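Q: Please construct the entire structure, taking both the sequences and the accompanying hints into account.
There are 2 protein chains.
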Amino acid sequence: MKDLFWIAAIALLGLWSSTPARAEDEAMPAASNVPGAQSPGIHADRRITFSLKAPDATSLQVAGGDGLGMGPFPMTKGTDGTWSVTTPPSVPGFHYYWFVLNGVAVNDPASETYFGYGKETSGIEVPEAGTDFYAIQKVPHGEVRAKLYLSKTTGEWRRAFVYTPPGYDEHSSTRYPVLILQHGSGEDETGWTRQGRAQFILDNLIAAGKARPMIVVMDRGYALRPGAAPPSGGSSAWLQNLRLAFTSFEDVVIRDLIPVIDASYRTIPDREHRAMAGLSMGGMQTLFIALQHLDLFAYIGSFSGPIVPSLTAGNLTADSNPEPFDSKTAYGGAFADPSTFNQRVKLLWLGVGSAESDQFRSGIGGAVAALRKAGVRLEYFESSGTAHEWQTWRRDLNDFAPRLFR
Amino acid sequence: MKDLFWIAAIALLGLWSSTPARAEDEAMPAASNVPGAQSPGIHADRRITFSLKAPDATSLQVAGGDGLGMGPFPMTKGTDGTWSVTTPPSVPGFHYYWFVLNGVAVNDPASETYFGYGKETSGIEVPEAGTDFYAIQKVPHGEVRAKLYLSKTTGEWRRAFVYTPPGYDEHSSTRYPVLILQHGSGEDETGWTRQGRAQFILDNLIAAGKARPMIVVMDRGYALRPGAAPPSGGSSAWLQNLRLAFTSFEDVVIRDLIPVIDASYRTIPDREHRAMAGLSMGGMQTLFIALQHLDLFAYIGSFSGPIVPSLTAGNLTADSNPEPFDSKTAYGGAFADPSTFNQRVKLLWLGVGSAESDQFRSGIGGAVAALRKAGVRLEYFESSGTAHEWQTWRRDLNDFAPRLFR
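Note that the protein sequences, when read in sequence, are chains A and B.
Here the working numbering is used: the first residue of the first sequence is 2, the next is one more, and so on.
Here the working numbering is used: the first residue of the second sequence is 2, the next is one more, and so on.
Hints listed in this document are in silico derivations from the structure and should not be mistaken for laboratory results.
What you are looking at is a predicted structure, and each value in this text was computed from that prediction instead of being measured.
Not one of these hints is a red herring.
Where chains are identical, the list cannot tell them apart; a pair therefore holds if satisfied intra-copy or between any two copies.
With a cut-off of at most 30 Å between alpha-carbon atoms, the simulated DSSO-like pairs for lysine-lysine come out as follows:
hint: 1; residue 1: K78; residue 2: K54
hint: 2; residue 1: K153; residue 2: K139
hint: 3; residue 1: K139; residue 2: K211
hint: 4; residue 1: K153; residue 2: K211
hint: 5; residue 1: K347; residue 2: K211
hint: 6; residue 1: K329; residue 2: K347
hint: 7; residue 1: K374; residue 2: K329
hint: 8; residue 1: K374; residue 2: K347
A: The structure is reproduced here in structure tokens:
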């Protein structure tokens, strides 16, 4: 039987390894590494050292999200067959990354993976000095629950994650407002809790008395009607299909998700206690859905969401020239009467990272300027120094959530 | 703004792709593929075709868990740079696998990943004809909740997953029995719901009236005391450290987890309504912990758990020759008085897969024979044709859970 111990011990080895003493400049293992993995390591100045043992590889690079810098970074092979590279200082926050091993994009076996780019992708968590709003702190913690529901829209079982705030089970007669919070393109319903750390942001805000205890619902932003062909075809077909896909997801949210959540949890089931927000594609979906259903939503947030003024249910043809933003006609005329809008919508919140591409910044900035000029009340938040990445959206949520249900 | 649509559309492409008509022998995409991925594909006879586009690779293989067969399987490069291989028919169920790309073990970008071998690892779900006990069926579904708790034993926040049965929130005065269910070595607290599909097995058993509604707690089977060095050193040190690690986890279960669960959920907090079970290392841990704490557990299950009769808190030296199994002395004498044991322990359940290695089968079979000969009442279950893999443990849970709390 001794051999069995070895089986267990050897497999266990991957989970624990000793942490040697470090010199001043040595890199610390990223919190996103699998337990015991020393690489990737982050230096005090946020340079990152990536390494991979690959004696038989003939080319190896590391590449990744905006915040990593201007990669791909070629790696250099050491005498023991381990390739490595140290990148320039990265932006703080969460960055997707991958190795390119003899031309194939592969994950880092030393890192946790996260659903992004339509597949499991390595990610690295680069700490931001002095920032703990998304850390696991010694405060009461809510739960994140996997909720299955059968969608009438798609005919399939779907999974949403539902954050219930601290005390939800104990205060069994308290009812709570609801925030529906959507991920971006290529991501899924796991994004806001894994990459976004939304549950810890809410735990910390609620513990500090900065946000009202609320239920947060994180659904999967993709939906197809039974028998519907998935998006395919040429360029204009794509645009049309994307819109059609949005209408399917709209039906999921309006006809399936909201009724299921209101029936399953102790919600306050009215528009004054229901918000929707999302990042990137999820922001597009939020503006598309919530602005058409102001009877259901009084709080609306778009985090780095591309502004597409013509994206309404009544207009499913391709955009010719949606800019400049015309507040009279945008989003089916939702803002045409600013005083009515201001009365109905308790919060319209738009944000972007200052390091995002000009397309995002000018599109969102243009809409903000036009809406303000027309007298539409809104909050605008710019995340300093961060790109089209999760650190922007964590900060967005941290600014957005305290403004809800007041 | 049209370009922004392209950003979204291109990223979305990874999540949807059209499904062409198939010839008779064509492979169907595995359910464990990321959405839209056609490879790996499973043939009707359970041969599996793996493929990867890697024009610049010079060697590529696929390898994986026992149920895949006798790999690694060398892959062949096609004219378009895509390498592929079709394996012999595999065992049904869930199999870990990976590519070996120019000598480096990497995940399949087309597959979901699962925590195994101490890291994220690709997995393939091979359907078993006529088997739906772990499928998502049209029945009421419980929730799986991520529960954080601060461990006094380790000084750190830990995460357990907690399955609450259908109706838990509605029947707000009902109390439920609890099963603590542990993963294997190299896996983590996500294993039983992701690889094991424990929540669907319970949903289906409960819907059919075959199992009593229960809470299932799936914790992380690793624990170190504050400042404790992780296991390291030579062979005998490993064995000692493994035992020490088990005592840390024992303290987590007894002093931290059970009190937290009983305080947070509507449990029936007595031994007659508390069970512990686990697979492989988790089975070792179950026997180690539960047999020492029969004041807390009346139901005990070890799924393919190596039998280590000398593994007790009082004996932390290396085993010299723990076989043959002596029912008088094994596990600190827990079975020394069979009639007392039979009176106290409502269920002792041991199982193994018929295709597991001789070490597992003879160790578990020897203990079963010795215990039965001594008059210890137990249930023994052999999973036909399955190896040291999740299909064995899914079947184990499906047999074990109905016997609990009766």
